[in-house]
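Engineer: Sequence:
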Amino acid sequence: MAVLQWSETFALGMQVMDETHLEFVNILAEVVNAPDTDLMPLWQTMVDHTDAHFAREDRWMLDTGFAANNCHTTQHQIVLKVMREGLKRGNAGHLAVVRQMADELGVWFAQHANAMDAALALHLRNVGYNDQTGEILLPQLLPTEDIEGCHGTSCTPQDTPDAKLHSF
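Under my numbering, the first residue of the sequence shown is numbered 8, with each subsequent residue one higher.
Hints are supplied without guarantee of correctness; some may be wrong.
Label pairs and their computed distance ranges (CB to CB) [what the hints assert, rightly or not]:
hint : residue 1 : residue 2 : range
1    : A122      : L69       : 18 to 24 Å
2    : G100      : L129      : 24 to 30 Å
3    : D43       : E152      : 48 to 54 Å
4    : E15       : L144      : 21 to 27 Å
5    : P146      : E30       : 37 to 43 Å
Simulated from the structure, these hints should not be mistaken for lab results. Everything numeric in this text was worked out from a predicted model, so none of it was measured. Ideal placement from N, C-alpha and C gives every residue a C-beta, glycine not left out.
Turn these sequences into a full structure, and let the hints steer you where they fit.
Structural biologist: As structure tokens, this is what we get:
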């Protein structure tokens with residue numbers, strides 16, 4: 008499978024988000040290209056990075072009116088759960104599972120960044136969210152009710168486009 012490479016199509020106009028996404032893509036490329044001896048330490052780095060990355064985005068969503076149970080956050084939870092399972096399986100010697108997860112993660116990330124993260128970045132820009140300081144410059148534009156679910160309805164893990172990721 009081809010290694011995910013950074014593309015300007017992933018740039019969403021928010022410095023911290025874009026830098027984090029670039030780091031994600033670069034670490035993932037290291038994982039995909041790693042020899043077996045380096046795979047699990049790099050996968051641990053990938054999991055740690057992704058945990059911090061998702062926690063930051065989840066905090067932004069909560070700070071600006073996205074509810075904790077929205078589809079974006081649900082995808083984060085599912086992906087991290089699968090990645091942590093990969094740690095267990097890889098550390099038990101099942102490196103092929105981790106390599107498959109890394110390949111699938113690249114496919115998932117491209118879709119996630121260009122859909123859910125792009126929508127989040129647009130929302131954050133619309134309310135004047137400063138991703139460096141956490142300041143909301145246009146609080147009057149915050150939603151009056153939490154934004155929940157996908158397209159106005161609740162979503163469950165089965166409804167998310169990352170179904171392949173949680174099938175391991």
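Engineer: For each hint, tell me whether it holds in the structure or not.
Structural biologist: Here is what the structure says about each hint:
| no. | hint | in the structure |
| --- | --- | --- |
| 1 | A122 / L69: 18 to 24 Å | 20 Å, holds |
| 2 | G100 / L129: 24 to 30 Å | 44 Å, violated |
| 3 | D43 / E152: 48 to 54 Å | 50 Å, holds |
| 4 | E15 / L144: 21 to 27 Å | 26 Å, holds |
| 5 | P146 / E30: 37 to 43 Å | 30 Å, violated |
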